[in-house]
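S.K.: So the chains spell out like this:
Number of protein chains: 4
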Amino acid sequence: MQEKLYFDCDYMAGAHPEVLQALIDTNLTKRVGYGCDDYTAEAREVIRRVCNAPEAEVYFLVGGTQTNATVIDGVLAHHEGVLTAESGHINVHESGAIEATGHKVLTLPSYDGKVRAEDVDKYIRNFYADDTYEHMVAPGMLYISFPTEYGTVYSLAELEALSSVCHSHNIPMYIDGARLGYGLAAEDGDVTIEDIARLSDVFYIGGTKVGALFGEAVVVTNTKLLRHFFPLVKQHGALLAKGSLLGIQFSALFKDDLYFRIGREAVSKAMRIRDAFAAKGYEVVGNSPTNQQFFRLPNDVVDRLLHHASFEMWGPRGESESVVRFVTSWSTTDEEVEKLISLL
Amino acid sequence: MQEKLYFDCDYMAGAHPEVLQALIDTNLTKRVGYGCDDYTAEAREVIRRVCNAPEAEVYFLVGGTQTNATVIDGVLAHHEGVLTAESGHINVHESGAIEATGHKVLTLPSYDGKVRAEDVDKYIRNFYADDTYEHMVAPGMLYISFPTEYGTVYSLAELEALSSVCHSHNIPMYIDGARLGYGLAAEDGDVTIEDIARLSDVFYIGGTKVGALFGEAVVVTNTKLLRHFFPLVKQHGALLAKGSLLGIQFSALFKDDLYFRIGREAVSKAMRIRDAFAAKGYEVVGNSPTNQQFFRLPNDVVDRLLHHASFEMWGPRGESESVVRFVTSWSTTDEEVEKLISLL
Amino acid sequence: MQEKLYFDCDYMAGAHPEVLQALIDTNLTKRVGYGCDDYTAEAREVIRRVCNAPEAEVYFLVGGTQTNATVIDGVLAHHEGVLTAESGHINVHESGAIEATGHKVLTLPSYDGKVRAEDVDKYIRNFYADDTYEHMVAPGMLYISFPTEYGTVYSLAELEALSSVCHSHNIPMYIDGARLGYGLAAEDGDVTIEDIARLSDVFYIGGTKVGALFGEAVVVTNTKLLRHFFPLVKQHGALLAKGSLLGIQFSALFKDDLYFRIGREAVSKAMRIRDAFAAKGYEVVGNSPTNQQFFRLPNDVVDRLLHHASFEMWGPRGESESVVRFVTSWSTTDEEVEKLISLL
Amino acid sequence: MQEKLYFDCDYMAGAHPEVLQALIDTNLTKRVGYGCDDYTAEAREVIRRVCNAPEAEVYFLVGGTQTNATVIDGVLAHHEGVLTAESGHINVHESGAIEATGHKVLTLPSYDGKVRAEDVDKYIRNFYADDTYEHMVAPGMLYISFPTEYGTVYSLAELEALSSVCHSHNIPMYIDGARLGYGLAAEDGDVTIEDIARLSDVFYIGGTKVGALFGEAVVVTNTKLLRHFFPLVKQHGALLAKGSLLGIQFSALFKDDLYFRIGREAVSKAMRIRDAFAAKGYEVVGNSPTNQQFFRLPNDVVDRLLHHASFEMWGPRGESESVVRFVTSWSTTDEEVEKLISLL
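Protein chains in written order, with the numbering used here: chain A, 944 to 1287; chain B, 944 to 1287; chain C, 944 to 1287; chain D, 944 to 1287.
In case anyone wonders, no lab produced these hints; they're calculated from the structure.
To be clear about the criterion: a stretch of chain C counts as covered by chain D if any three or more of its residues have a C-beta under 8 Å from a C-beta of chain D, and this derived list gives those stretches:
| id | stretch |
| --- | --- |
| 1 | 972 to 978 |
| 2 | 1165 to 1178 |
Restricting the straight-line Cα-Cα distance to at most 20 Å, the calculated cross-link-like pairs of lysine to any residue (SDA-like) are:
| id | chain 1 | residue 1 | chain 2 | residue 2 |
| --- | --- | --- | --- | --- |
| 3 | B | K1065 | D | E1262 |
| 4 | B | K1167 | C | K1167 |
| 5 | A | K947 | B | L971 |
| 6 | B | K947 | A | N970 |
| 7 | C | K947 | D | V975 |
| 8 | C | K1167 | B | E1077 |
| 9 | A | K1167 | D | L1168 |
| 10 | B | K1065 | D | R1260 |
| 11 | B | K947 | A | V975 |
| 12 | C | K1223 | C | S1211 |
| 13 | B | K1167 | C | A1020 |
| 14 | C | K947 | D | T972 |
| 15 | D | K1065 | B | W1257 |
| 16 | A | K1167 | D | H1171 |
| 17 | D | K1167 | A | R1170 |
| 18 | A | K1065 | C | W1257 |
| 19 | A | K947 | B | T972 |
| 20 | B | K1065 | D | P1259 |
| 21 | A | K1167 | D | A1020 |
| 22 | C | K1065 | A | W1257 |
| 23 | A | K1282 | B | T972 |
| 24 | A | K947 | B | D981 |
| 25 | C | K947 | D | C979 |
| 26 | B | K947 | A | C979 |
| 27 | D | K1065 | B | G1258 |
| 28 | D | K1065 | B | E1262 |
Note that CB positions come from ideal geometry on N, CA and C, so glycine has one too.
Turn these sequences into a full structure, and let the hints steer you where they fit.
M.R.: Pasting the structure below:
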């Protein structure tokens, strides 16, 4: 264990040891490039099986921003934009990657990071009710994140409502699963990866934050979308020469349910941290049931903790109190959790 | 050794064992994201030293197409395009990634993959001599690859002439070093990495094909260029969350001259293969002094070899003879070379 | 006069007769293309003189959306976006033209269509105070419209405050003057075209809505901006082959103060309409001092008026009342105004 | 007549008097914007009738570069480029407008400005025969100009062959008709506007160079293409606020066959000029049957003519001889032709 405790985010270490071992085991075996190899083919098959989506197309990209930009650019027509919560990652923290592909990000109110089906419905109805709608950017798809940027998750009923409203308006629903493993393990959550596959048109299974060195698996269940995705991936600079590295890692992630184990263990550690802060009387902000936890702390507590631990200020430092974020991951140890709690 | 011999390309295995070991050694150490970590800082310093370019800015990206698109988009003004040999990778094999950023690829004659300084000069002079030049795409930078797509390398004199003509016309010269390690080890080559740094305005040191799992190090020696490169990298989806993985690998690549050793050994193996084909009376096409070798073979020889070895058809199969490519890399073993030669 | 009264917008007829006459007078005179002709040179000179901006660069484009997209694309760096009121034309009614050039539109609160200097200041300060700002789109310029989409105008003091805050943060201020002539004639307005030129870095003088058949004159007073604007205009498809038509029209518009006369007369008619509605007890919405007037009317009044007049529903029809817009222009006659008033 | 003779190009004067008269006649009649007016509806109907294409969609844009960029961007998928003769306007003289929309221009050999059906066929066959085709830009449509940039025209048989090869490969054929009127009047030409409509998937009827102040009519005969063209036109800044001006002009152009008369008369004048030069023993270059004529002249003749006439140098001035271009149009008078001939 490093002397300092690191809870800044869930991409602070390399790969889960089982994933790294798979890379080590295959390191010297030669294979063809660009994901045309057998490892990748096998990973595709595994993912189709896990998602209960035997017809789905599966592609492996390197990172989240890249995946969002490539998928969204591929799905939208020129005159269309993507609906998202105002707090959505694509609207805030991707340096304008979506707009750089020529598309507007259309914002909906954010409720702890989530959008509401009725807001989606209202937006689309109002849009087409406006006489000048052809002078405005058409809502061409819905982007949601699961879990959201605030650690919250949709219930199955909420996901079904969103899916239903999208399909009633004939726009696809895309789920950003950068932290999918942690979302599926949410406390009191009722959503499975099969639900995600069934209710979305396209989604991705995040590897970078959930055990891989890097990598995101795009699952296209509505195969009318993204028909020429391979050259688009290449054009976006998102095609890894050694594509096999992605296949190898994702096969490892779904071997013996590793992906789900990682999720459960990290969330369980996050819950212990949350409970410890709550027990000390600190306000739990937003009440996230996943691996990101937000607390409002007096500034002197913040400063004291910063001597021993690294974590993120969530927004600007307040006058007397500040909101902070602690994140667990597959690389968070029990020892680290205990030590953090002992510092409170 | 796998049963079949693989000579298709130089990105068929994982990472050089010394690079992989560095990843293993650091795997569980936590560090901040996006290349703001100490490993990356160290790798930047190492590269500045190796290149004798103490003032250079160094950035780490994931792959070659991505790097080309991000650098070229960052350097060019809206009305400018990039000059390249007709055979340049950016003009042929990147699925239109440069055009997708809004810029035209302007082509020059290719001489075994190389451009000539006088052609660059003539292009630019003719351009500005045309009354309608503001209706045409201005040549805004020069792209060359070292070595080229045909395995050839520029001599120091040729590089100096290109650099000189670019600077006389006030356009930057960019060198795609996807296979730089192999180019620097070219038989009878006289160019060093310090020359590359001194004569170009920006170049990249290829990791993917020269020992890393993935990764390219962009070295900006003309620091007036690419002033806001970080958000541009993010916008292009080219910012690796676990940026430290790039720093760790590049530090390993330049420890004990590994990068140069890889180059020399792979080229030496390629020379043995070339000499063996030549000794058998087969035509060596293009006479590349680096790790890519091209031969014209009777089709029955091609077919016989294909039973035991994997390699690339270079262009369409001819009626009785075809041109093929054999590529060595850090992962090519002496045993494989011997076995291939024994098949001739 | 047509039987029906048209108050929908300010681009419902051809050109002001004096402008049309200039086109008729020059119709058969041959001249070179693309604005390199003498008419255009003269119009540039006239505009520099009228604006008291002897060093300004002047370009003529065809329409407003095109002008906004070309100017904003030309000013911004890749990682930058444009600040605007949420209600700004570029954010609402240009079909995503700004995003299609790769840039995000960054929104500020709208106060009757206007932005406040303190909001601009706060946005920029907060942006750079955020540790992750390089992952977000940087505010690279300010866009305001004069008058705004709601007919309102900035006071001189407000413009000076905006200009000052922009320059203190080193970002340019761009003024969309699609209806500039009407804005300069605002009731109780205190802003002159010289002020516009002095306080902005680039602005455009709208022709389409203020007497021309079409055309917008871009005035670049901060000549460090937009250095290669001509090829950019061509690239955006905004370079008129018969560029002289723009020069001819703008010279006519500024002959004998026509542009300002048009503004004053149309605003005076709008004031008469406003006063007549107010006298009848109808609510004047927003209290615009320019050629666009907004009223809240009982639906039966709306329906009655629609039998005789054409005007725009401003937002959705309400249950019992609706907001409507009436617009005057150079083509609005006294007779039309009288007839409309008589209908109340 | 101006003192100097102008033969530089076919957009040197305003509008044909019959077109201008239509604008004068309608100038004060109010109508709705953006081409939703009755004039535009009528013009659409007229064009459908003239083209014998009752189902075609017709749109009116302002200029040629804009039209090419908007149509091509609308037709192509992300991974596709546009095939054209190397000499095609979109490849040479549009400041990179096509690439600015993200698409590569793919070049074919030019035979006096024309492409050959067999070259199109070969390009597409070779493309898909290449194993790496998904790393290259797919040929997604064919662009040809009628007449070409060299004044040449395709025969009906050639057009049919091109149309056939395109459809056999399932890519649309797009005809740039910037000078369509002059092409249809080509000496010994056998192509009608109905053939153009029948054999292409989309084409445009040039107004700017053939009698209008400005304007191009896009005719989409393959209505599976460009389904959301209106907002795309707006997004490209190509939607004229006073769209009616385009409808009015095109109705005038097709009233009493004006468009065809303009073509015939201008070509007839060009033929007289050609014959006069030939009779004097000067080399006619390229033998264009339309309104653009190219001659190789001794430099002293060039210089002598330049005292009295304005025309274009076609490429750089040679040592003793130079190639020049003379262009006629609707605005060329018999008197001007006589005077030019008398100067020889």
